[in-house]
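So you can see what is in the structure, the chains are spelled out below.
2 protein chains.
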Amino acid sequence: MEESKVPLPTLERLATYLRYLNESTNRDEVTISSARMEEATGIHAAQFRKDLSYFGEFGQPGIGYKADELRQRIAAILKVEDTQPVILIGAGNLGSALLGYAGLPQHNFPIVGVFDNNANKIGYKLWNRTIEDIADLKAINRELKSQIAIVCVPNAAAQKVADQLVDAGIRVILNFAPTVLRVPERVFVRNVCFVQELMVLSFFLSPGLQAGD
Amino acid sequence: MEESKVPLPTLERLATYLRYLNESTNRDEVTISSARMEEATGIHAAQFRKDLSYFGEFGQPGIGYKADELRQRIAAILKVEDTQPVILIGAGNLGSALLGYAGLPQHNFPIVGVFDNNANKIGYKLWNRTIEDIADLKAINRELKSQIAIVCVPNAAAQKVADQLVDAGIRVILNFAPTVLRVPERVFVRNVCFVQELMVLSFFLSPGLQAGD
DNA sequence: TAGATTGTTAATCGATTAACAATC
DNA sequence: TAGATTGTTAATCGATTAACAATC
Numbered sequence: 304m305e306e307s308k309v310p311l312p313t314l315e316r317l318a319t320y321l322r323y324l325n326e327s328t329n330r331d332e333v334t335i336s337s338a339r340m341e342e343a344t345g346i347h348a349a350q351f352r353k354d355l356s357y358f359g360e361f362g363q364p365g366i367g368y369k370a371d372e373l374r375q376r377i378a379a380i381l382k383v384e385d386t387q388p389v390i391l392i393g394a395g396n397l398g399s400a401l402l403g404y405a406g407l408p409q410h411n412f413p414i415v416g417v418f419d420n421n422a423n424k425i426g427y428k429l430w431n432r433t434i435e436d437i438a439d440l441k442a443i444n445r446e447l448k449s450q451i452a453i454v455c456v457p458n459a460a461a462q463k464v465a466d467q468l469v470d471a472g473i474r475v476i477l478n479f480a481p482t483v484l485r486v487p488e489r490v491f492v493r494n495v496c497f498v499q500e501l502m503v504l505s506f507f508l509s510p511g512l513q514a515g516d
Numbered sequence: 304m305e306e307s308k309v310p311l312p313t314l315e316r317l318a319t320y321l322r323y324l325n326e327s328t329n330r331d332e333v334t335i336s337s338a339r340m341e342e343a344t345g346i347h348a349a350q351f352r353k354d355l356s357y358f359g360e361f362g363q364p365g366i367g368y369k370a371d372e373l374r375q376r377i378a379a380i381l382k383v384e385d386t387q388p389v390i391l392i393g394a395g396n397l398g399s400a401l402l403g404y405a406g407l408p409q410h411n412f413p414i415v416g417v418f419d420n421n422a423n424k425i426g427y428k429l430w431n432r433t434i435e436d437i438a439d440l441k442a443i444n445r446e447l448k449s450q451i452a453i454v455c456v457p458n459a460a461a462q463k464v465a466d467q468l469v470d471a472g473i474r475v476i477l478n479f480a481p482t483v484l485r486v487p488e489r490v491f492v493r494n495v496c497f498v499q500e501l502m503v504l505s506f507f508l509s510p511g512l513q514a515g516d
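Those sequence lines, one after another, are chains P and B.
Per this note's numbering, the first sequence runs over residues 304 to 516.
Per this note's numbering, the second sequence runs over residues 304 to 516.
Everything labelled a hint here was simulated from the structure, so no lab data went into it.
Hints are not guaranteed to be accurate.
Partial chain P-side listing against chain B, Cβ under 8 Å, derived [as the list claims (entries may be wrong)]:
no., residue
1, ILE380
2, VAL383
3, LEU397
4, LEU407
5, HIS410
6, PHE412
7, GLN450
8, ARG474
9, LEU477
10, PRO481
11, PHE491
12, VAL495
13, LEU504
14, PHE507
15, LEU508
16, PRO510
Residues of chain P placed beyond 10 Å of chain B at every Cβ, according to the derived structure [claimed, not checked]:
no., residue
17, THR334
18, GLY359
19, PHE361
20, ILE366
In this text, a Cβ means the ideal position worked out from N, Cα and C, and glycines have one as well.
With the sequences and hints as input, model every part of the structure.
This is how it looks when you write it as structure tokens:
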């Protein structure tokens, strides 16, 4: 399982397959073929088989894949069979929305700690969870043992927070601040930027046209 | 400007360049070279020049790019020089957070309408904006003339909402529901899925290790 | 002019798709 | 067995990077 040679797009698609297999409405499918997966996710059947091939043999020629086994194996690859505790930095609007989002614990990503640097927030509760002082991050995470952080702080604070997270033993960061975070090579960052997504979409609008034209 | 042959990764990077150029803290740079842009964004200098080359000549050999002119030209390419009104579907936690996010209007994407199907929300205000009935979407958007929609509804409702959006003249959709939306070819969709991002990151964790080990 | 940096071409790299022998 | 579908190899496609003549 030479992880270093797995393409990133493959990992992203694995997550898509897993999300599909996890959906309760699909739990009645006992076996699933690559053609069926293409139908469900829009990802080419050959691509699906190729993606899996990085990790061994999964299916039965002539039959397909046992849905439940496939789900378990992809979950194992992505290391989400067991709960992965997540900490959240930044108790603003977005942080609050994420804390209230049931999809995270449902997919084995419970938020186990919330941190902020704002004295008006520290000690108060958000969704029934006490907001901790970011200064105590390292000490508290010695207990929480989280390796995953979600960063929802303003741009200006993001780099400092990233440094603190690395110091506290965090290994991967989901960053909502629209900044390039500088972290050691061993730490992985993924950025989500709403404005950037809208800019890309905006390109596809026809110039000068408005809805209804 | 053969739009159809511009690679999607190029558009995503253009948005990154623009975000950098838009940052107030960088407004003192009068000219900027591709090497400087690499430093700032992590994107290879050759890649930067190649990306721009799809849209004509921008810079001065030996000197670089005039920062302000570059900003304007990229903004024009992405069609964000002028305000692009956006409508928001789903007045839940995430929708509320997006509505309160100052970054959207700051980048010329003001949210001009909010819709929901929940009778307990319709008519009430969120961030001082009245929540409209999704049933009135088409009629109201005849006035709003928005071409961009952000979808923050539960999975089960997403496809129906997408159909209504298409019917109301929406051309591009930023979808936060973890479902594959079926839309006509002329409509563009980008998906943002928090759980998927976390799954990809989770892959990079070492098995069995915890923070502090 | 000399030094710097662009815009573009060509080379490399990597990812997607097609095809098909293996096999349930 | 015949039909279906996998896993993998090879072919295609596309994107990134290197190199350099053009030029400010």
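### Message
Under the constraints set out in the numbered hints, which ones does this structure not fulfil?
### Response
none
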